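Colleague: Residue numbers (our numbering), protein chains in the order written: chain A, 1 to 363; chain B, 364 to 859.
Don't take every hint at face value.
Below, a list of computed lysine-lysine pairs in the DSBU-like style, where the Cα atoms sit at most 30 Å apart [unchecked claim]: (1) B/LYS751 <-> B/LYS739; (2) A/LYS111 <-> B/LYS845; (3) B/LYS589 <-> B/LYS845; (4) B/LYS751 <-> A/LYS111; (5) B/LYS637 <-> B/LYS739; (6) B/LYS731 <-> B/LYS744; (7) B/LYS744 <-> A/LYS330.
Hint data in this document are derived by calculation from the structure and do not stem from the laboratory.
Predicted model, so just to flag it, every value in this text is computed and none were measured.
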Amino acid sequence: MRREGGMSAALFLMCLVLYISNPDFLGGSNSVNTLRQISMLGIFAIGIGFVIITGGIDLSIGSIIGLTGVLIAKISSPGLGGHSLWVGIPVALAVALTIGAVQGLLITRLKLQPFIVTLGGMLAIRGVSQTISEGGTLSLSGSPLLEFANGGYLKVGANALIPYPLVVFFGVIAVATYVLHFTVYGRYVYAIGGNRDAAEYSGINVARVEASTYLVSAGTAGVAGVCYASYIGQMSQQVGIAYELYAIAAAVLGGCSLRGGEGTVLGMVIGAGVMRVIDNGINMFQYHYVDVDKVPRIWRLDQNWTFIIIGGVILVAVILDQSVHLVQQKRRIKAAGALAEAKLAAPEASHVTTTGAAPPPNP
Amino acid sequence: MSGITKRFPGVIALRGVSLTLNKGEVLALMGENGAGKSTLMKILGGAQPQDEGTIQMDGKPVVIGGVREAKRLGIALIHQELMLAPNLDITANIFLGTEPVGIMAPIPRAAMHEKARALLARVGLERAPTTAVSELTAGQMQMVEIAKALSMNARIIIMDEPTSSLTAGESEHLFEIIRKLRAEGIGIVYISHRMEEVMTLSDRITVLRDGGYVGDVLRAEATHDKIVQMMVGRDLSGAYFPERTGTRGGEPVLEVSNLIVPGTGAGVTFNALKGEILGFAGLVGAGRTELMQTIFGVTPALGGTMLLDGKPFAPRTTRDAIERGVLLAPEDRKRHGLVLPMNIAENTSLPNVESYARFGWLDRVMEKRVAEAEMKRMRTKAFGITQKVVNLSGGNQQKVVLGKWLAMNPRVLILDEPTRGIDVGAKAEIYRHMAQLAAEGITVVMVSSDMEEILGMSDRVVVMHEKRLRGILPREGLTQQKIATLMTGGKGEVAA
Chain A
1 MRREGGMSAA LFLMCLVLYI SNPDFLGGSN SVNTLRQISM LGIFAIGIGF
51 VIITGGIDLS IGSIIGLTGV LIAKISSPGL GGHSLWVGIP VALAVALTIG
101 AVQGLLITRL KLQPFIVTLG GMLAIRGVSQ TISEGGTLSL SGSPLLEFAN
151 GGYLKVGANA LIPYPLVVFF GVIAVATYVL HFTVYGRYVY AIGGNRDAAE
201 YSGINVARVE ASTYLVSAGT AGVAGVCYAS YIGQMSQQVG IAYELYAIAA
251 AVLGGCSLRG GEGTVLGMVI GAGVMRVIDN GINMFQYHYV DVDKVPRIWR
301 LDQNWTFIII GGVILVAVIL DQSVHLVQQK RRIKAAGALA EAKLAAPEAS
351 HVTTTGAAPP PNP
Chain B
364 MSGITKRFPG VIALRGVSLT LNKGEVLALM GENGAGKSTL MKILGGAQPQ
414 DEGTIQMDGK PVVIGGVREA KRLGIALIHQ ELMLAPNLDI TANIFLGTEP
464 VGIMAPIPRA AMHEKARALL ARVGLERAPT TAVSELTAGQ MQMVEIAKAL
514 SMNARIIIMD EPTSSLTAGE SEHLFEIIRK LRAEGIGIVY ISHRMEEVMT
564 LSDRITVLRD GGYVGDVLRA EATHDKIVQM MVGRDLSGAY FPERTGTRGG
614 EPVLEVSNLI VPGTGAGVTF NALKGEILGF AGLVGAGRTE LMQTIFGVTP
664 ALGGTMLLDG KPFAPRTTRD AIERGVLLAP EDRKRHGLVL PMNIAENTSL
714 PNVESYARFG WLDRVMEKRV AEAEMKRMRT KAFGITQKVV NLSGGNQQKV
764 VLGKWLAMNP RVLILDEPTR GIDVGAKAEI YRHMAQLAAE GITVVMVSSD
814 MEEILGMSDR VVVMHEKRLR GILPREGLTQ QKIATLMTGG KGEVAA
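All chains, please: the whole structure from these sequences, using the hints.
Modeller: Written out as structure tokens, the structure is:
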């Protein structure tokens with residue numbers, strides 16, 4: 001929980017600084033928008049978290065998000081397919097799940113590397129989106145779906161304080177927390193990431209559990225895809241590019257290890273929060289000052305720095321985390337040396353103490 | 364089990380092997396590496412199917428189709444590399460794969476911790492069931508493995524080299540538990556290379572050789588020489604440790620004074636002489652490996668000085684040590700000694716691959732020539748220098764490690780547990796090479812937990828205990844008693 005605690009504190013601090021620099025940060029429209037962005041990222045960050053905890057990786061989810069939206073637009077947009085959303089959304093989600101199942105089976109049955117399989121998936125699915133949209137844009141205008149992302153509960157003026165994507169996000173958090181942290185299945189996911197051979201020799205059907213995580217990942221990407229389609233409204237093959245990297249970053253910031261076996265749902269939620277607050281903060285941050293001519297001015301961050309700042313934050317976070325880890329390790333080594341010395345200094349005591357316990361000091 | 368045959372592509376791993384295990388018996392399964400012990404036990408544990416032969420339990424034939432079925436029959440296999448998930452707690456590991464509820468049901472944590480506590484009490488492990496396995500020592504992990512076996516009411520427990528990573532105290536505890544389980548009527552198959560253990564622990568010994576069954580001996584009728592003879596198929600006694608010729612111990616080559624190794628308190632002082640074999644005895648965890656890693660530059664010293672050929676020697680990295688001719692063949696060959704997926708030639712050239720390059724272009728012909736020469740010198744058994752080392756036996760892998768260092772003309776060659784996990788025949792060969800190297804004037808430093816090896820090979824013996832150097836004993840008048848006293852913390856004579 002070291003990473004979760006540190007990241008919560010960092011997130012809180014960031015929000016505080018942003019609020020002080022620009023009270024609009026917590027103003028109605030901005031806070032609701034940020035919550036919506038966190039929710040949409042968080043939904044599929046949790047999904048890829050399942051894969052990452054088993055020690056795998058899924059690069060295809062950004063493309064799945066894009067394809068979901070393109071399919072819904074193609075089938076259900078009043079100007080295109082004209083079918084009901086009750087057809088378009090289930091078909092899109094079914095396609096997403098099928099992609100997850102195929103990738104999961106390729107990885108577990110043919111023993112292909114997850115990175116390669118999902119890299120291929122990422123490119124191929126992106127191409128399918130491009131083909132369906134014929135390289136252009138499919139508009140969802142006129143579709144009732146557009147009200148989903150922007151609508152919500154507790155309407156105050158034009159803003160719904162609880163946008164629907166946030167409700168979906170809470171649902172995903174609840175289910176994922178139960179599955180990952182309370183069920184036998186979740187235990188297997190961690191066991192596979194911790195020691196695949198041990199899981200295998202414990203009689204766990206490793207292939208099936210592992211394949212199912214790719215289904216979870218693709219499924220949540222599909223759900224997020226519906227939200228993004230509703231939010232963006234104009235679907236092209238550009239939607240969702242690099243989103244998988246945002247999700248991986250959110251999971252890692254929240255304490256997942258790409259070696260597998262580590263990570264919590266809470267951490268992924270916080271990680272998604274950090275990613276989106278930084279994104280939003282680059283717009284919102286302002287610094288009021290008075291220049292040499294006594295003219296009040298406002299200094300703002302340059303939009304072009306966005307990737308520099310996000311990349312920097314990720315690197316600083318993992319560097320800090322590793323430094324703390326190394327310092328602790330060094331301290332433990334020193335303590336072990338001191339313990340050996342203490343044992344030698346009091347040889348009589350060392351015979352009665354059991355392993356790990358320090359001998360009592362001589363009176 | 365009777366008439367068990369198993370074929371792998373190109374080899375027959377088992378040829379009609381039979382094995383009987385009685386209720387409440389400790390059966391030692393012995394044989395050189397590659398004799399087929401592990402394959403036989405994998406078949407019994409359900410990890411691999413046999414090609415021919417039958418297995419009966421309580422007189423009834425059974426088919427063991429997988430790990431799960433083996434477990435249901437009450438057969439538990441404890442692997443040499445412990446099969447635990449370090450990120451989960453003790454309880455989770457004990458019941459992994461045998462949780463009492465369905466896959467999407469909530470885990471009844473409290474009830475499972477309670478059960479785990481009872482199992483831990485049975486194996487005498489005093490740790491809370493909520494402790495993460497990553498915090499346990501190797502011995503404690505072994506106890507968790509046994510608790511796991513007991514949790515599914517195992518009637519047969521197979522242990523593959525269970526003491527290979529345990530301290531003497533932990534091994535002793537393991538033996539107590541094994542005797543207790545035997546009294547409860549559980550049958551135990553015990554695979555080990557350590558003759559002493561087998562002699563004290565087992566009721567009966569089954570010996571395999573080259574995938575075939577050699578024979579059964581009751582412990583009471585077994586002798587060290589008899590078993591070894593059965594294992595290797597020839598009489599080895601006498602020729603085991605080579606005759607040493609030539610002058611031993613010239614001028615000091617490596618002078619270590621008051622060296623402070625990270626993680627320890629006191630400084631270490633000793634000299635290693637030209638052409639001698641300097642043995643380092645001690646219990647596992649006595650600090651020998653850490654000391655060698657410091658001399659080799661893996662973990663730089665915190666204080667003290669070293670002289671190599673009279674000149675200051677303070678390696679900050681392994682590269683520094685290698686350049687001065689101080690080389691280490693590590694304890695864990697597979698992790699630190701070799702790049703397993705690479706072939707013999709590539710492994711041989713790895714430490715100084717630059718010297719094989721002309722303007723960055725790797726001279727494969729030269730690499731091939733050197734690797735072939737070393738392979739010939741070490742008599743490595745492989746089909747050629749392009750064989751991947753992952754496919755070699757333990758003994759041949761060790762020969763590749765030695766060959767790789769010998770290709771660099773070492774001044775000081777440090778061998779950490781040079782014969783661990785190596786069968787008897789290959790051991791004798793490694794010993795012969797060590798004697799040969801010393802005769803050529805190379806200083807050989809040998810860390811070993813095998814008392815016979817220390818007594819048989821060393822010119823002088825440095826004994827360590829609890830991260831401290833406790834004494835340096837000359838070869839004259841060396842006895843097991845003297846070494847054992849010092850390495851368990853007793854007082855003894857201290858010679859320079």
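Colleague: Are the hints correct? Go through all of them and say.
Modeller: Against the structure, the hints:
1. B/LYS751 <-> B/LYS739: holds, 17 Å
2. A/LYS111 <-> B/LYS845: Status violated; Cα separation ~55 Å.
3. B/LYS589 <-> B/LYS845: Status holds; Cα separation ~28 Å.
4. B/LYS751 <-> A/LYS111: holds, 21 Å
5. B/LYS637 <-> B/LYS739: At roughly 26 Å apart (the allowed maximum being 30 Å), B/LYS739 and B/LYS637 satisfy the hint.
6. B/LYS731 <-> B/LYS744: Holds - the C-alpha atoms of B/LYS744 and B/LYS731 are around 16 Å apart, at most 30 Å.
7. B/LYS744 <-> A/LYS330: Violated - the C-alpha atoms of A/LYS330 and B/LYS744 are around 43 Å apart, more than 30 Å.
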